[in-house]
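S.K.: One letter stands for each residue in the lines below.
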Amino acid sequence: MNTLVAFANIGLWVCIVILAIYTLRHYFFTLNRLFGRHRQPFVDVIQADWPSLVVFVPAHNEERVIRDSLDALLTCDYPEDRLKIVPVDDRSTDDTRNILKEYAENYPGRIIPFLRDEGIPGKAAALADAMALHQDEIFLVFDADYIPGERLLKQLVAPFFDAEVGAVMGRVVPLNVGLSLLTRLLDLERAGGYQVDQQARMNLRLVPQYGGTVGGVRRAALEHVGGWNVDSLAEDTDLTVRLVIAGWEVVYQNRSECYEEVPETWESRIRQIKRWAKGHNQALRRYVAALLTNRSRLPLAQVLDGALLLGVFVVPLVLAVGWLCTIILFFAGYPPEWGRFTVLAISSFNTVGNFAAFFQVAAASRLDGSRERIRMLPFLFLGFLVSTFAVGRASLSRASWLRGRPVQWQKTERHREGRANVGGNGGRA
Amino acid sequence: MPNSPGMAFALLLLALIAWMALPLLPAFMELLRPRDAAPLSAVGNDAGKLTYFADSFTKRAQREGLLGTMVPPRLGDGTPVLSHSQAAPLVKQRKPIEDMVVLMDSTPLPEDCELATEVLARLTVRGSNGVVYRALLGQRDVYLGERSTVLRWVHAKGRLEVANNCRLLGRATAERTIVLGTNVTFERLEAGVIRVTDVETAEAPVLPTGAYERFVPSYGKQLAPAYWRIDGGLPITAGSAFIGSAIATGSIVVNDGARVTGSLKAHDEIIVRSGAVVTGSLSARKRITLERGARVSGPIISEEAIVVEAVVVGSSTKPTTVTAPVVRLLPGATIYGAVMASENGLTVA
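In the order they appear, the protein sequences are chains U and L.
Each residue of the first sequence is one higher than the one before, starting from 1 at the first, in my numbering.
Each residue of the second sequence is one higher than the one before, starting from 430 at the first, in my numbering.
Treat the hints with caution; some may be incorrect.
[Stated by the list, open to error] Estimated spans, in silico, between C-beta atoms of each pair:
#, chain 1, residue 1, chain 2, residue 2, range
1, L, 772, U, 117, 34 to 40 Å
2, L, 581, U, 51, 29 to 35 Å
3, L, 522, U, 38, 21 to 27 Å
4, U, 34, L, 540, 43 to 49 Å
5, L, 450, U, 323, 42 to 48 Å
6, U, 369, L, 454, 52 to 58 Å
7, U, 266, L, 453, 17 to 23 Å
It should be emphasised that the hints constitute simulated quantities derived from the structure, not laboratory data.
Every residue gets a Cβ at the ideal spot worked out from N, C-alpha and C, and that includes glycine.
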């Protein structure tokens, strides 16, 4: 009994420390965005001898959305002789392939589909095969439901004039905001994640994350780190960490915004977040040791931020372990060590820590100049609750931690009916 | 008053639920009657296009008939329009002129007047000293007199010439050339070519790489073919040729007459000395200094400051961008493309 209590005590304190670190991180990032200097050194690069660029559009059964994406890419102001658009169709069973063939016929030399029926399924493997055929300097990736604005390609390529930049990430903005409670909550979450979290990391020279879409990579950097990991469940996180470990910089461009379709059903959202959690945990297992032992080459702040980024989907598990330890200690009849201090720590977390994410989203809404939607903030509790359980379950799954699982396309369901009404400028008002 | 304990409890419970639901009231109202449920429109159409306002104003001027033979006395929205010409010049006022002004010919405006609305110049503008423009669109060349101020934007469809001691707040663009005097403050400039004074700039000769002694970093790590990462500083030997790109955690100095075929990034500062040539881009966390007679082809990006002496940046066929919070341009600086100073741009003698 004494051993159990001792373990519960230690476990509880470890959980408190981890949760406190994540809470402080939330507040630190939010305060940085509210009061710190906005770092965006590449936003004003408007004229240049633009490098050769390939835009990849990975697609698997995307007949509902891919026309909008290709049409938007075709209207971008990137020099035509430097730009190739490569839709990568991997085993679609709907009409996606016919749509791509139609576009290839209408835009010869500009749209060059890559059709794939063999090899390992999945986005990373499809991108690896498609990219191997191109020797251009910069590769950008847009998922098939994304609708870039006219100037987005130049904005995303501009950071690559910095020789140290290995990857760039733009901001994702939900297009189907007003459809349901879920889409409104996801809109708030995205705002917090990009406007505050990613930009604060950019401001502080930490580790902004390449998110796998609305972003891209320098071919030389990709080759230097060994290309795409085809068995990765989150090829974006996987690549981000490998680039950082190898000394490349990942850059976030807050003003390079692109519209996306967020999940409209809770089932779809739960599947999406489970996939992210498994992929993140997979990357945590693979790279956290390499990151932490790379102290001599990377700034300490980058190492810590990278480790926290990798561990973000383990937090629900930590929370659950903390609850378990508290229950054990309560029923064992033993007050935890430094009992009053522990109670104070837990109650402080409940009053301050739980609100860190809300504070972040509220700050993002303010920074976006969109203050009315802040009224939806209390409902975020519902979104966080669902995410916590979904992430917790995903983090306990085999795929999160074990090697050698075959990878399949795990795509988010599309809901768009008809063509997106976003205009020639990506819907910007 | 409730007369049973059950009723009292139910009422208490209801009151408690109502009390707890109170903070959710705005959320439910927003859910049921959305007031802010449209996609974010965070990026304006003007982002990345410096002539956006000038283009919009040109369209408006065409739509309102301001470019025709007869200028209407009012615009469609009721804004009064004043004409200024040799036959009917504007007289100097103490107060700002709130009406839109159309300059019918090249007659100078009264000195030290303030124009609080857009100005359309149908012919070449010969600006008087000390005039304050909110925004100015020149259908031909624009000459701003000494101590003039542009508050929002100025665009010349020909050449924009700015006399000494002017302030260009916002955007200054020209389809052909911008010539800046000294002690001109600016924020964002874009033109076919931007010069500081009409001083002739001696361009560094660009010889074939075979004419130089080859420079290869003797330390550091090769990330990719012709791609180095250097821990510390990187001095590139005078008169040598470095083929490739380099990232240095210290400073980079491209010494006199050296040639770099690639891009450079420094965590500290970059200095490109006289006669040196860089065909790629320069990026630094600290200051970048281009000394007299140097030449750079690609974008120049600093997170601190850029000093451009009598140097050529970009070319007529390959325009580029110079961007930093603080930019200092010296006489003879010649930039093809754009100069962006997010905090403070200044031409210095």
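S.K.: It remains to establish, for every hint, whether it holds in the given structure.
M.R.: Results for each hint:
| no. | hint | result |
| --- | --- | --- |
| 1 | L:772 / U:117: 34 to 40 Å | 55 Å, violated |
| 2 | L:581 / U:51: 29 to 35 Å | 33 Å, holds |
| 3 | L:522 / U:38: 21 to 27 Å | 40 Å, violated |
| 4 | U:34 / L:540: 43 to 49 Å | 45 Å, holds |
| 5 | L:450 / U:323: 42 to 48 Å | 26 Å, violated |
| 6 | U:369 / L:454: 52 to 58 Å | 24 Å, violated |
| 7 | U:266 / L:453: 17 to 23 Å | 20 Å, holds |
Checked against the numbered hints given earlier, this structure breaks hints 1, 3, 5 and 6; the rest are met.
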